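So the sequence lines, in the order shown, correspond to chains A and Y.
Numbered according to my numbering, the first sequence spans residues 666 to 924.
Numbered according to my numbering, the second sequence spans residues 50 to 348.
Treat the hints loosely; a few may be bogus.
Unchecked claim - Going by beta-carbon spacing under 10 Å, a handful of chain A positions derived as facing chain Y:
| no. | residue |
| --- | --- |
| 1 | N720 |
| 2 | A751 |
| 3 | N774 |
| 4 | K792 |
| 5 | E794 |
| 6 | L854 |
Please keep in mind that the hints were generated in silico from the structure rather than gathered at the bench.
All figures in this text were calculated on a predicted structure; none of them were measured in a lab.
Where is the CB? At the ideal position from N, CA and C, for every residue including glycine.
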Amino acid sequence: MREFNETLLSVENISLSFGAVKALTNISFEIKKGEVLAIIGPNGAGKTSMLNVINGFYHPQEGVITFRGEKRRQMKPYDAARQGIARTFQNVALFKGMSTLDNIMTGRNLKMKSNILSAAFYLGPAKREEIEHRAVVEEIIDFLEIQAIRKTPVGRLPYGLQKRVELGRALAAEPDLLLLDEPMAGMNLEEKQDMSRFILDVNDQFGTTIALIEHDMGVVMDISDRVVVLDYGRKLADGTPDEVKNNQEVIEAYLGVGH
Amino acid sequence: MAFFLEVLTGGLLTGVLYSLVALGFVLIFKASGVFNFAQGAMVLFAALFFVGFIDLGVPVVLSAILTIAVMILLAYLIERLVLSHLVNQEAISLFMATIGISYFLDGFGQTIWGSDIRRLDIGLPQDAFVFGASVLGDDIFVNELDVVAAVVAGALVAVLAVFFSKTKIGRALRAVADDHQAAMSVGIPLRSIWMIVWAVAGIVGLVAGIMWGAKLGVQFSLSLVALKALPVLILGGFTSVPGAIVGGLMIGAGEKLAEVYLGPVIGGAIEDWFAYMLAMIFLLFRPQGLFGEKIIERI
């Protein structure tokens, strides 16, 4: 059992609605520095909405988000990215026409400093910088074992590999907090095992804090330090995998209430 | 033979001018996935300001700089007032918005500078000169202005091609075109990217406007030159900078040759519709164009 004390991000009393539809109601939880946190719940529970609130795509009507000790009402995607939050998407949001390499290079965007003028003429500094960042991207490609598809346009790749490239793009930003929205959806067993291994390696080698949404309970129980359970936009439970597994309310939410 | 070469060269050089207009379309399409109906209006708008400044007695170079400033301001306003409200909307909504922008620019430019045809004389050579002395004993005449245009277009393309494929901003532009949300999640500032690309398209529009203006005079019909860029885009592919050039050359050469050699057989005025015919045939066999990104759809 690993222990985590320092809070990296906390959400307090977050409520989000779209017109009359309440997506999230009064949700509070913490993400501790260095842990792997899983957010689970039935379909429509508000898991993706929660990630969208954290990286600033959605702006909650109520609540406070504290990231690295700084309190705020809402995040903005650009600020979130700049301050070290990277993410992947449920439906793979890659740049389809671009190669694996270029996709991952976009993840370095905020790390690159060259301005528009030197970039326009591909002057010395811009060129040097390009080569420097290319080296980092090659390391990520090696890490994720996708050397063979370096130059392939990602639109042609099978789904499992696309998910892996998307993880690569998020890693390229060297994030402190990595949000993964169903990283293993639609994968076969072998691909799931690979992905689990990558997630644990990222957490282990780079110390990256990870918050992930996943439906495969076996995977969730295996890789996460802590689990937050959502249902109908409310938080049902929050604890270690074992605690959550034995929580009566959680069991009812997943299996239905016995009569 | 010499006559054939002369027709061919003339056609290719006109084609370069089509390419210049097509280039503006490609830039915005590449970076935002939007077909910018207003590109032709931007060509006219830039040319009107440029010639307007010159007629006021401003030196040529300063006029160009002022016009570039105007186009950058225009890009800022378009982003601010129109595009920023349409993030994550369907491409068709953005397309409709560009139609609106197009009418506005046509009207506004002419409100300020009037609708008379203005001569654009900035010392670009207008004469035909003898090229290659002689081929098989005959001289070939080439329009000097066309040669200047070709050189300018070549330089522009070289810069843009490197910019798009090798730099951070170029990659960001392509990323934004593919997926707005994903681009935002890696920290690409959507708004400044759009502003940059519209500004660059405006500057390319200015170059096209100067070249066409020197040829035809600056007048409303410049904005219609953009229609000739459509078949160029279909041939070259909407997303390819080199494609815009090759497409332009093919259309330019094709229509001149068709006019001269097919004209007497099936009646004249082929030049007017040949480009569209060629584009239609292309659509049947290679809808993504010669250099366009192949459309991949997983089912």
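Results of checking the hints against the structure:
1. The criterion of a C-beta within 10 Å of any C-beta in chain Y is met by A/N720, whose closest approach is roughly 6 Å, and the hint holds.
2. The interface hint given for A/A751 holds, since its Cβ lies 7 Å from the closest Cβ of chain Y, which is under the 10 Å cut-off.
3. Contact between A/N774 and chain Y, as hinted, is supported at the beta carbon level, the nearest pair being about 6 Å apart and thus within 10 Å.
4. A least Cβ separation of about 8 Å between A/K792 and chain Y falls short of the 10 Å threshold, and the interface hint therefore holds.
5. Given hint, A/E794 at the interface with chain Y, holds; its Cβ is 8 Å from that chain's nearest Cβ, closer than 10 Å.
6. Using the Cβ-Cβ criterion of 10 Å, the hint placing A/L854 at the interface with chain Y is not satisfied: the shortest such distance is roughly 21 Å.
Hint 6 from the list above is the single one not met by this structure.
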